[in-house]
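**Q** Spelled out, the chains give:
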Amino acid sequence: MKKGDRILLLVIAVAVMVGYGVLYYRDNISDVKAAGAVIKIGDEIYREIPASRMQEDDIFTVEIAGGGYNTIEVSAGRIRVKDADCTDRICVNTGWIDKPGEIIVCLPHKLTVQIMGQPAGVDSVAY
Amino acid sequence: MKYKRLVLLCLIMISLLPIISACGKEPEKTVETEFLMDTLMELTAYGPNGEKAIDAAMGRIKKIDDLMSVSSETGDVYKVNKSAGQNPVKVSDETMYVVQTAQHYSQLSDGAFDITVGPLVNLWGIGKKEEVPSQTAIDGAKALIDYRKLQIDVSSGTIGLPERNMSIDLGAIAKGYAGDEAARIFKEYGVKSGIISLGGNVVVVGARPDGNPWRVGIQNPFKPTGNYVAVVEETDKTVVTSGTYERYFIKDGKRYHHILDPSTGYPADNGLASVSIISDKSIDADALSTTVFLLGPEKGMELVEELSDVECIMITNDKKITVSSGLKDNINITDEEFIYEEGR
Numbered sequence: 001m002k003k004g005d006r007i008l009l010l011v012i013a014v015a016v017m018v019g020y021g022v023l024y025y026r027d028n029i030s031d032v033k034a035a036g037a038v039i040k041i042g043d044e045i046y047r048e049i050p051a052s053r054m055q056e057d058d059i060f061t062v063e064i065a066g067g068g069y070n071t072i073e074v075s076a077g078r079i080r081v082k083d084a085d086c087t088d089r090i091c092v093n094t095g096w097i098d099k100p101g102e103i104i105v106c107l108p109h110k111l112t113v114q115i116m117g118q119p120a121g122v123d124s125v126a127y
Numbered sequence: 001m002k003y004k005r006l007v008l009l010c011l012i013m014i015s016l017l018p019i020i021s022a023c024g025k026e027p028e029k030t031v032e033t034e035f036l037m038d039t040l041m042e043l044t045a046y047g048p049n050g051e052k053a054i055d056a057a058m059g060r061i062k063k064i065d066d067l068m069s070v071s072s073e074t075g076d077v078y079k080v081n082k083s084a085g086q087n088p089v090k091v092s093d094e095t096m097y098v099v100q101t102a103q104h105y106s107q108l109s110d111g112a113f114d115i116t117v118g119p120l121v122n123l124w125g126i127g128k129k130e131e132v133p134s135q136t137a138i139d140g141a142k143a144l145i146d147y148r149k150l151q152i153d154v155s156s157g158t159i160g161l162p163e164r165n166m167s168i169d170l171g172a173i174a175k176g177y178a179g180d181e182a183a184r185i186f187k188e189y190g191v192k193s194g195i196i197s198l199g200g201n202v203v204v205v206g207a208r209p210d211g212n213p214w215r216v217g218i219q220n221p222f223k224p225t226g227n228y229v230a231v232v233e234e235t236d237k238t239v240v241t242s243g244t245y246e247r248y249f250i251k252d253g254k255r256y257h258h259i260l261d262p263s264t265g266y267p268a269d270n271g272l273a274s275v276s277i278i279s280d281k282s283i284d285a286d287a288l289s290t291t292v293f294l295l296g297p298e299k300g301m302e303l304v305e306e307l308s309d310v311e312c313i314m315i316t317n318d319k320k321i322t323v324s325s326g327l328k329d330n331i332n333i334t335d336e337e338f339i340y341e342e343g344r
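Quick note, the sequences are listed as chains A and B, same order.
Taking the numbering used here, the leading residue of the first sequence gets 1, the next gets one more, and so forth.
Taking the numbering used here, the leading residue of the second sequence gets 1, the next gets one more, and so forth.
Mixed in with the good hints, there may be bad ones.
To be verified - DSS-like, lysine-lysine: derived pairs with alpha carbons at most 30 Å apart: (1) B/K82 / A/K110; (2) A/K110 / B/K254; (3) B/K128 / B/K63.
Said to hold, decoys possible - Over 12 Å on every C-beta distance to chain A, these chain B residues come out as not near it, computed from the model: (4) E34; (5) A56; (6) G160; (7) Y189; (8) D329.
What the hints assert, rightly or not - Simulated coverage check for chain A against chain B, where a stretch passes if three residues somewhere in it have a Cβ under 8 Å from a Cβ of chain B: (9) 39-48; (10) 77-90.
The set of hints was computed from the structure by calculation and includes no laboratory data.
Glycine is no exception: its CB is placed at the ideal position from the N, C-alpha and C atoms.
Input sequences plus hints: build the corresponding full structure.
**A** Encoded structure:
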C-alpha cells in the first residue's frame with residue numbers, strides 16, 4: 001500500500017466515525033438537550049421559559065380569558081401548576097415535570113405547560 | 001493492485017453513506033397544536049405539503065367534532081339525542097358510519113361497551129363536576145342504557161332512540177374516526193411521513209423520514225403525560241390508550257375516572273390502569289381500548305386474540321404489563337419498575 005493510500009484510509013476512517021457520530025447524536029442525544037418550558041393557552045404561546053431560567057424560583061398566575069386562573073411555579077429545573085380553579089384540577093394533580101416531552105394539560109382552561117423537546121427515545125407517546 | 005484499488009473504492013462509498021445522510025437535510029417538519037374535541041390535538045407532518053395537509057386535517061376534525069359532539073347543537077348526535085322518544089333523525093353518512101361501528105362493538109362485547117351510555121356520562125360529568133351521584137340517580141341512568149334499542153336504518157340514513165332521555169355518546173370512538181380521517185387527508189396531500197396525536201390517540205402515517213418505523217411510547221399510567229413504560233415500532237398504524245389517569249376527579253381519597261361501566265354505573269374497577277390497542281384503523285383502536293378495558297383483563301384479552309390485526313397492551317394498577325400474543329416479540333419494556341407478565 002502506498003503512503004497516499006494509507007492517508008486516504010485514515011481520512012476515510014475518521015470520516016466514517018464522524019458520520020456515524022453525527023447520526024447517533026441526531027437520533028439520540030439531541031433529543032434530550034432542551035429543558036426549557038413553554039406555556040400555551042389554546043395554540044398561542046403565553047410564555048417561554050428558557051432552560052437557563054428554569055433554575056430560578058418563580059411563581060406567576062396565568063389569567064384565563066373568560067374567567068379562571070392557573071398558578072405556575074418554577075423551581076430547581078422543574079415546573080408545575082401549583083393551583084388552579086378549573087373543574088377537574090388534573091393540572092394540579094399532575095405535579096412537577098422536568099423531562100423533555102412531559103406535558104401538563106388543563107383541558108378546562110385549554111392551557112398546556114410543556115418541557116421543550118421530544119421525549120427521549122420515542123417519536124410520540126400514546127396516552 | 002487493481003484489487004486494492006477496488007477495495008478502497010468500496011470503502012470510500014461505504015464511508016460516504018453516513019456522511020451524506022448525516023449532512024442531508026431532514027424534510028421540512030410542520031407541527032401544529034389545537035384544542036378540539038375537548039382535547040389537545042398535535043399534528044406533525046414532514047415534507048413540503050405539511051402545513052396544507054395539517055390545516056385540511058384540522059378542518060376535517062372540526063367538522064367531525066361539530067357532527068358528533070353531544071353539545072354541538074347543529075350536530076347529528078345532539079339532534080338524535082334531542083329527538084329521543086320521538087321519530088328517528090336523518091344523519092350524515094359519516095355519523096352513520098361511526099354509529100354503526102360503535103353499535104358493532106356494543107354487540108361484540110354484549111354491552112360492556114354501549115353506545116347508549118349517554119345518560120351515565122352526563123350524570124357523572126367527569127371533568128366538569130366533582131361529585132359522586134346518588135345511587136338512585138345512577139340506577140335511573142343505568143335503566144336508560146341499552147344498545148339493543150337503538151334504531152339504525154341504513155337505507156333511510158336515520159337513527160332513533162325509542163325512549164325519552166336515552167342518549168348516545170360517541171366520546172369513546174369519534175376521536176378514532178377523526179384520526180383515520182386526518183391520516184387519509186395527510187396521504188391525499190402527499191404526506192408520506194407524519195404523526196397525528198388526538199389527545200393521545202396516536203396515528204402514525206408512513207414511516208419516519210429516515211425510513212425506520214415510528215417509535216411510539218405507551219404512557220406510564222402513574223406519571224405525567226409524556227412518560228412511557230414501553231415502546232412499539234410501527235408503520236402506518238394507530239396506537240390508542242384508555243386509562244384511568246386521563247380524566248378523573250378525586251373525592252375522599254378515591255379516584256373516579258371517565259371509563260364508566262354501564263353494568264355497574266360506576267367507573268370501571270377491575271385492576272386495570274390502562275389498555276392500549278394497536279390496529280390499522282383508529283376508529284377500531286379507539287372503540288376497542290374502551291371495550292377491552294370494560295371487559296377486564298381476562299375477557300378483554302380473549303376478545304383481542306379473536307380479532308385479526310389487533311394487538312393489546314394492558315397495564316394493571318400493580319404495575320404489571322400483559323401483551324397480546326402478536327406483540328410478545330415486538331415490544332420493548334423500558335421502565336424497570338414494571339413487571340412483564342407472560343400472557344396466559
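**Q** Checked against the structure, which of the hints given earlier come out wrong?
**A** Number 4 only.
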